[in-house]
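Protein chains: 2
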Amino acid sequence: MAKSWATLPGAGPSGTGVDLHIDLRETAARSGSGVRRALTDALREAVRGGRLVPGTRLPSSRTLAVDLGVARNTVADAYADLVAEGWLTARQGSGTRVAERAVSRPAAPPPPPRTPGPARHDLLPGSPDLSAFPRAAWLRAARKAVAAAPNEAFGYGDPRGRVELRTALADYLARARGVYADPDRIVVCAGAAHGLQLLAGVLREGRGGSPSVAVESYGLDVHRELLTAAGLRTPPLPYDEQGTRTDALPRLRPDAVLLTPAHQFPLGVALPPERRAETVDWARRGGGLIVEDDYDGEFRYDRQSVGALQGLDPERVVYLGTASKSLAPGLRLGWLVLPARLAADVARGKGPSDWACGALDQLTLAEFLTSGAYDRHVRACRLRYRRRRDQLVAALAERVPQVSVSGIAAGLHAVLELPAGAEQSAIRAAAWQGLTLLGLDRFRHPDVPRTDRAALVVGYGTPPDHGWAGALDALCEALAAVLAETP
Amino acid sequence: MAKSWATLPGAGPSGTGVDLHIDLRETAARSGSGVRRALTDALREAVRGGRLVPGTRLPSSRTLAVDLGVARNTVADAYADLVAEGWLTARQGSGTRVAERAVSRPAAPPPPPRTPGPARHDLLPGSPDLSAFPRAAWLRAARKAVAAAPNEAFGYGDPRGRVELRTALADYLARARGVYADPDRIVVCAGAAHGLQLLAGVLREGRGGSPSVAVESYGLDVHRELLTAAGLRTPPLPYDEQGTRTDALPRLRPDAVLLTPAHQFPLGVALPPERRAETVDWARRGGGLIVEDDYDGEFRYDRQSVGALQGLDPERVVYLGTASKSLAPGLRLGWLVLPARLAADVARGKGPSDWACGALDQLTLAEFLTSGAYDRHVRACRLRYRRRRDQLVAALAERVPQVSVSGIAAGLHAVLELPAGAEQSAIRAAAWQGLTLLGLDRFRHPDVPRTDRAALVVGYGTPPDHGWAGALDALCEALAAVLAETP
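For the protein sequence lines, the chains are S and D, in the order given.
Take the first sequence: its letter number 56 is residue 56 in my numbering, and every next letter is one higher.
All you need for my numbering is the position in the second sequence, starting with 1, plus 487.
Check the hints yourself; a few may be wrong.
[To be verified] Just a few of them, taken from the derived set where beta-carbon distance is under 10 Å, the chain D residues facing chain S:
#1 Val-570
#2 Asn-638
#3 Ala-640
#4 Arg-662
#5 Tyr-667
#6 Glu-761
#7 Ala-968
#8 Leu-970
[Claimed, not checked] Computed beta-carbon distance windows for the label pairs:
#9 S:Ala-380 to D:Pro-541: 55 to 63 Å
#10 S:Asp-281 to D:Asp-934: 48 to 56 Å
#11 S:Arg-62 to D:Ala-624: 41 to 49 Å
[Unchecked claim] Some but not every residue of chain S turned toward chain D, in silico, with C-beta under 10 Å:
#12 Gly-93
#13 Arg-97
#14 Ser-127
#15 Arg-135
#16 Ala-149
#17 Gly-155
#18 Tyr-180
#19 His-194
#20 Asp-255
#21 Ala-328
#22 Leu-331
Read the hints as simulated data drawn from the structure, not as lab findings.
For glycine and all other residues, C-beta sits at the position ideal for the given N, C-alpha and C.
Next comes chain S alone, as it looks inside the complex:
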């Protein structure tokens, strides 16, 4: 190892000076950085670390060059670099010195955000099986998409997203979800929450005062909180066993309503046809906007999927879709299909700071859709999740027959009804089994009174295949334990 050492004046640990250590072999191996860079780094580090204190005079470049066995120009250049950066000062007659302003030591970094300890099993709703991400097929699509991309795809793009993806989505959504989707009405966003955020901005700008978006009594807290943070009110719609009571819309008179018509989250029912119609009628009469969150519309097991509400009136309904359930949340890709009058407003709202989605992922998803890989993947997932659903129902029927299951015609989660008051104890019993679960109450709108209904929202799509049997077993164990204690 060809190492070079030099001792500089300064405040070393022993008070005798600073050892400047440069490993020439290592620095030569570093791509593109030479001795000059290494020397600059070493000197900067010595100042930063306090080993070279402010005011210290450095040896002349000639002296240091001899000590280190490097060219004098290399040292002179390194000095000049550090003068330009403000670490050193050079004055005629005074030589090169460490700059007078003490370089502050950076504070300790903040601790990383706390994450819960790793549970062995996880049946939280809201995530697909991440181990099922089609890595090979995705890479094949990426290879094709990147090779075929025009150069301008790598530049600053249309805030609505790549036209290739919007075209592929328009075709797919019309075919698979009955959505009326012209590419010019589509805005690509970084997931459903981002899409909702963009819409909230447009609603706030477009309506005076504090606009309101009616939401379902039980729903995703993240969406509610996002609307509230954007300055919107979120009055809850009542519900009954058939689903959300859309007949309350004329009384509540919101500016918009956020619904999950295909598969209510978390209760799992599909909005009945007459309520779909009622909602569209309300929107037409009063100019209201319907936001259709179609988060898991692709996964329906009992029959062909219920088409999107948007098809009934594309000028009154915003369709909100996402790749987070069908592919992976990590892609951060979602899409809005907008009434014509809103498409430009939302694109404008995205603005220069919000061309959020990488072009390469967009092009890859476009290729994934048009090649049929998306359909194949969704079909394979549907089989996999359906099998799990059937196993869940069978296991519960056998081991805890008192627990009834609902919301299972579609999607990646089920609602398990428990005896009144047993929700929290079931969650605790599950934690005892190393299983993370959420109860229904977690999704209750804060303005909706707590009831004595006790239920769990079980995301059976979440575990990897190899963890599914264990998670299901832990769930049954926990439920059996709780039911044994419940009178």
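Place chain D on chain S using the hints.
Coordinates of chain D only, in the frame set by chain S:
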């Protein structure tokens, strides 16, 4: 071709009925969709398009099945699907009818945003040569990164971005830019503007009233407008031939200052060492924040790059970096290196709707950095851009020696000084040559008085290699024409 036809009652063009046309071969070829899906689609389209008017009674499933030559259950299922979606109604004794609410025809889509007609040449500043994107190397890194990714990478992630990328950036930024960059202080964002937006949010929350961010007299309008839109004031700092006059900070007393120290945009000078020091002193005395926009710090030609100001005081300086110049804007990847006290605030500000960057691109960039591919790419680009700069300087010296060039020690753009008053006529003359250009005045802060200084900001990095010679020739032609007319 096995086609099936049926004639339904309704309002066809001839008033005689609706031809329902199903191409069985085509539908079978469609992945996963069968006859039932095709029939559902055809019926829905007939209602949507007004060919089946509200109230129309459909034939019984038995009759239609015979007409189409399909199983009766297929028709019954398709009817049931459309009832569930609200297109049809089914009543005991009344048969299946088209639902009464008229389905509204969607309005014509909005016209796509207007884009300027394609100029033959483009020397706009702010973009690298998009044709130089290292597609093959990027795909190699993507393959490796996707194969190696843990399953959780495909899930909802840390709002700060993937730890693999933050770690790789910390190492790279310390090595190449002298940045003190702990991974816990880094927040990945979707480009510099997004990073600035996040910072603006934190500044607005953290300080009372209407906080101010001092900006340079000439700078990126997008950044200024973004700060203004976020409710921040943006007083301009004066400048002289050495660059931005940081001695005005104590007088202006802003909450923060946004600078481009390594290579002022657009004027092209590097902030002198004593002004770097002065800025840090100001920040320390008054608690101000320095935002260092290091947009093209990697491209310096005359000497080793000027290290980042951030290294002088990591607790007072926010370092803002981007892949938009070194790789491609289309990636939408940038990074903030933050003082410890701000890192958590900014991550919180990203929130649930702003996990904006796809995990796969982040993992790919991490692999690209750690494998040395990034260094190799930057080095190759530096040679390419340096060659262009030299050609620009040589061509101007030969063909329009009256034009002086500045700001060329670094970066992807140069400032060409013109005779007073000639800026707009040069831009027009360039347009005549099919060349798109921007003048210096375009970047002037609105509060800074217009001067008679005339200059062009020429982005010589922008054209593809094959377009460079033509763009340079068009530039020289345009300048020669303007100078011939200028007294």
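Here is what the structure says about each hint:
1. Val-570: holds (6 Å)
2. Asn-638: holds (4 Å)
3. Ala-640: Since the shortest Cβ distance to chain S is 6 Å, the answer is holds.
4. Arg-662: holds (7 Å)
5. Tyr-667: Result: holds, 5 Å to nearest chain S Cβ.
6. Glu-761: Holds - the Cβ of Glu-761 (chain D) comes within 10 Å of chain S, reaching about 8 Å at its closest.
7. Ala-968: Because about 29 Å separates Ala-968 (chain D) from the closest Cβ in chain S, which is outside the 10 Å limit, the hint is violated.
8. Leu-970: Leu-970 (chain D) check fails; min Cβ-Cβ to chain S is 32 Å, beyond 10 Å.
9. S:Ala-380 to D:Pro-541: 55 to 63 Å: Cβ of Ala-380 (chain S) to Cβ of Pro-541 (chain D): about 40 Å, so the range 55 to 63 Å is violated.
10. S:Asp-281 to D:Asp-934: 48 to 56 Å: Taking Cβ atoms as reference, Asp-281 (chain S) and Asp-934 (chain D) lie about 53 Å apart, which means the hint holds.
11. S:Arg-62 to D:Ala-624: 41 to 49 Å: With a Cβ separation near 42 Å, Arg-62 (chain S) and Ala-624 (chain D) satisfy 41 to 49 Å, so the hint holds.
12. Gly-93: Interface hint status for Gly-93 (chain S): violated (18 Å vs cutoff 10 Å).
13. Arg-97: Violated - the Cβ of Arg-97 (chain S) stays beyond 10 Å from chain D, reaching only about 13 Å at its closest.
14. Ser-127: holds (6 Å)
15. Arg-135: Holds: closest Cβ of chain D sits about 5 Å from Arg-135 (chain S), inside 10 Å.
16. Ala-149: Where the cut-off is 10 Å and the nearest Cβ of chain D is about 8 Å from Ala-149 (chain S), the hint holds.
17. Gly-155: Since chain D brings a Cβ to about 5 Å from Gly-155 (chain S), closer than 10 Å, the hint holds.
18. Tyr-180: holds (5 Å)
19. His-194: It holds, given that the least Cβ distance between His-194 (chain S) and chain D is near 5 Å, below 10 Å.
20. Asp-255: Since the shortest Cβ distance to chain D is 19 Å, the answer is violated.
21. Ala-328: holds (4 Å)
22. Leu-331: Constraint on Leu-331 (chain S) satisfied, holds at 5 Å.
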